[in-house]
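Q: Chain by chain, the residues run as shown.
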Amino acid sequence: MTFPTQIEIGIKLFEANLKQAWRDKTNWVTAGMFAITALLLYSFAFNLTGGLVRNLLPGVIWTVFLFSGIFATAQSFQQDRQHGILDALKISPIHPMTIYIAKTLTNILMLLLIEFALLLGATILFSEPLFVPQLLLIVTIGTIGYTALSTLLSAINLDRDNGGLLLPVLALPLLVPLLIASVEATSASLQQEASTAPWILLLSLFTIWSAAIATLMFPLAD
Amino acid sequence: MQDLAIETNRLTRRYNGLPALNRVSIQITSGSRIALLGNNGSGKTTLLTILSTLLQPSEGSATILGYDVAKKSTALRNVIGFIRHQPMLYENFSPVEDLELFAKIYRVSDARERITRLLTNVGIWHLRDEAIGTLSRGQKQRLMIAKALLHKPKVLLLDEPEIGLDQNGLRMLDELILMREKEDSTPITVLAATHREDRVATWATGFVRLERGQIIETTLSENTE
Chain A
0 MTFPTQIEIG IKLFEANLKQ AWRDKTNWVT AGMFAITALL LYSFAFNLTG
50 GLVRNLLPGV IWTVFLFSGI FATAQSFQQD RQHGILDALK ISPIHPMTIY
100 IAKTLTNILM LLLIEFALLL GATILFSEPL FVPQLLLIVT IGTIGYTALS
150 TLLSAINLDR DNGGLLLPVL ALPLLVPLLI ASVEATSASL QQEASTAPWI
200 LLLSLFTIWS AAIATLMFPL AD
Chain B
0 MQDLAIETNR LTRRYNGLPA LNRVSIQITS GSRIALLGNN GSGKTTLLTI
50 LSTLLQPSEG SATILGYDVA KKSTALRNVI GFIRHQPMLY ENFSPVEDLE
100 LFAKIYRVSD ARERITRLLT NVGIWHLRDE AIGTLSRGQK QRLMIAKALL
150 HKPKVLLLDE PEIGLDQNGL RMLDELILMR EKEDSTPITV LAATHREDRV
200 ATWATGFVRL ERGQIIETTL SENTE
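Keeping their order, the protein sequence lines are chains A and B. Throughout the first sequence, residue numbering follows numbering that gives the first Met the number 0, covering 0 to 221 in sequence. Throughout the second sequence, residue numbering follows numbering that gives the first Met the number 0, covering 0 to 224 in sequence.
Isolated chain B, as found in the complex:
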């Protein structure tokens, strides 16, 4: 059996008693690229937010590379990268300043070189000294992609990463994240929520479809424990 990167077991999250995520059990093997599909309010963001350690599950459990998500350990946080709807950026910093701070936090050894390479790869090196607040939504999204890859995570959690990206941006996203990370041969496990079902076939190795917090269709083997 292949190594599991992400495993959830009857994962449930309720808001005011109503389940946003209802007993979701999935197993994702290392190196897989899984599309998380479903309408608005189907539980995609809730699942990704729990896996990112930002939200506690009401019931059930989840592990990433064997680390329990609920324990929020440093080791776990070092192996995940997260891009969500809204940017997570210092608006009055420049892209380089923002990335330098997080390179320190993640103890990235070759920070300067890596920041240069990532900003070049996402196509915003020429904006490196501009205030982030002045960048467009698409440019911020490119910066978020660079930030998520900064510490070479083994698992990427992406919540609608295509938001704001033009055609070039989408190609870059495919190259850097969804297909492979250019400068690193280590396979990354990707779980990406998306509404762009037309693009899924180009990058995904499998999918999970959610509706009202429950899995209604998947190519993955469900965890039945």
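The shape of chain A in the complex, shown without the other chains:
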């Protein structure tokens, strides 16, 4: 099957994944509720006023994003496996990489919707302009990076009974460099003093690395 054909099929599969995610909202509602609750708790736990908020927000934002993302992506392929859809796709002429890319893009889109909504909420809660283009860019790049890796790890964990538990254990050490770059880039963006360019560049490199490795590894995941 040719490359353009795979792209065409990948788009159809992406649409199907979105439809499936929209109709069965379990993972996404859980992730969204966790993120809202965590953000509210942080806003009450810390008295985030004045300059202090800018020091703490990068950590707060990325902790919330990371754990809600892991909640959502941990079950990425679980439902497909339970209903036999993954096997139906595996015996079809579709390339495994196409299956992975379509699922990862679905996860990225759904997570970005949650994250952008949270940034809007945090803007109100912390009285800080967080819904700004530079921060949205950092969040988008960081989300692509960690979702690429956590989607792969969720596929690796499929046949393990404690797969959901194993995902954070496997994912978090691998994601440390990417998270550091995300937090630093966010911090630099909020402080408006330091240049964000080096951190965004580093974040982009980690994202490209994790997306490329995960795409190449997925066909071997079974």
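None of these hints come from the bench; they were simulated from the model. Where is the CB? At the ideal position from N, CA and C, for every residue including glycine. Certain hints may be false.
Sample of chain B residues lacking proximity to chain A, with all beta carbon distances greater than 12 Å (derived) [stated by the list, open to error]:
| no. | residue |
| --- | --- |
| 1 | T52 |
| 2 | I123 |
| 3 | P186 |
Here are the simulated BS3-like pairs of lysine-lysine, each with C-alpha atoms no more than 27 Å apart in a straight line [claimed, not checked]:
| no. | chain 1 | residue 1 | chain 2 | residue 2 |
| --- | --- | --- | --- | --- |
| 4 | B | K70 | B | K153 |
| 5 | A | K24 | B | K103 |
| 6 | B | K103 | A | K89 |
| 7 | B | K103 | B | K71 |
| 8 | B | K103 | B | K153 |
| 9 | B | K151 | B | K70 |
| 10 | B | K70 | A | K89 |
| 11 | A | K89 | B | K153 |
| 12 | A | K11 | B | K151 |
| 13 | A | K18 | A | K89 |
| 14 | B | K151 | A | K89 |
| 15 | B | K70 | A | K11 |
| 16 | B | K151 | B | K103 |
| 17 | B | K153 | A | K11 |
| 18 | A | K89 | B | K71 |
| 19 | B | K103 | B | K70 |
| 20 | B | K103 | A | K18 |
| 21 | A | K11 | B | K71 |
| 22 | A | K89 | A | K24 |
| 23 | A | K11 | A | K89 |
| 24 | A | K11 | B | K103 |
| 25 | A | K24 | A | K11 |
Since the structure of chain A is provided, determine the placement of chain B on it from the hints.
A: Just chain B now, with coordinates in the frame of chain A:
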């Protein structure tokens, strides 16, 4: 000599060192309808799962229409249809949505027309817009039959296709798959695992009986290479 549709050579699969399938060698000619018989745990599902490309053999080889199963090529996947114990369906899609997606994946040219015909033939056209999750086991099995036939496969691998089907469903199964596919005169090679030995004589041209992963009785010529 007739063309071979399925050939296995000392096909072996072990789980934790124990063989589920042990040096199985068979040759099935094109157009044959072979019943795969045996008790639970005899290796029927393992054999079909290897042939479907979902499972790698531990040893030995298998080819379908000349394509090596282990290479999992696109060409091979275009010629096989597979029905297994569990349905392989999007539970929150309708039958039409599920079939439309797979018609795109298999590049079925006359998709809409073919989906209409298949859903009508399997008797669930009236359920075309219902969520698959709300269908009964038998209705899902009918949908699986339609899905397996969607891309006009040349080889059908069936793992207990009778599951959940009522008498009408069994007649439909015989007509569509086991005897012939109604709208297509091209002969299909069928390898079907079944516990319904009482029905085998009505559709099978031969059989293979497995026990503990080995062939103990067959009407096929065994591959002795």
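Q: None of the hints should be skipped; say for each whether it holds.
A: Results of checking the hints against the structure:
1. T52: Nearest chain A Cβ is 6 Å from T52 of chain B, so the label is violated.
2. I123: 18 Å, holds
3. P186: 22 Å, holds
4. B:K70 to B:K153: Given pair K70 of chain B, K153 of chain B holds - Cα atoms ~18 Å apart, limit 27 Å.
5. A:K24 to B:K103: 25 Å, holds
6. B:K103 to A:K89: Between K103 of chain B and K89 of chain A the Cα gap is close to 15 Å, so the pair holds against 27 Å.
7. B:K103 to B:K71: 20 Å, holds
8. B:K103 to B:K153: With Cα atoms ~19 Å apart, K103 of chain B and K153 of chain B stay inside 27 Å; holds.
9. B:K151 to B:K70: Roughly 22 Å separates the two Cα atoms, so the pair holds.
10. B:K70 to A:K89: 13 Å, holds
11. A:K89 to B:K153: 18 Å, holds
12. A:K11 to B:K151: 21 Å, holds
13. A:K18 to A:K89: 20 Å, holds
14. B:K151 to A:K89: Holds - the C-alpha atoms of K89 of chain A and K151 of chain B are around 18 Å apart, at most 27 Å.
15. B:K70 to A:K11: 25 Å, holds
16. B:K151 to B:K103: 14 Å, holds
17. B:K153 to A:K11: It holds: about 25 Å lies between the C-alpha atoms, which stays within 27 Å.
18. A:K89 to B:K71: 9 Å, holds
19. B:K103 to B:K70: 23 Å, holds
20. B:K103 to A:K18: With Cα atoms ~16 Å apart, K103 of chain B and K18 of chain A stay inside 27 Å; holds.
21. A:K11 to B:K71: 22 Å, holds
22. A:K89 to A:K24: 24 Å, holds
23. A:K11 to A:K89: Holds. K11 of chain A to K89 of chain A sits at ~16 Å (cutoff 27 Å).
24. A:K11 to B:K103: 8 Å, holds
25. A:K24 to A:K11: 20 Å, holds
In the structure shown, a violation is registered for the earlier hint numbered 1 alone.
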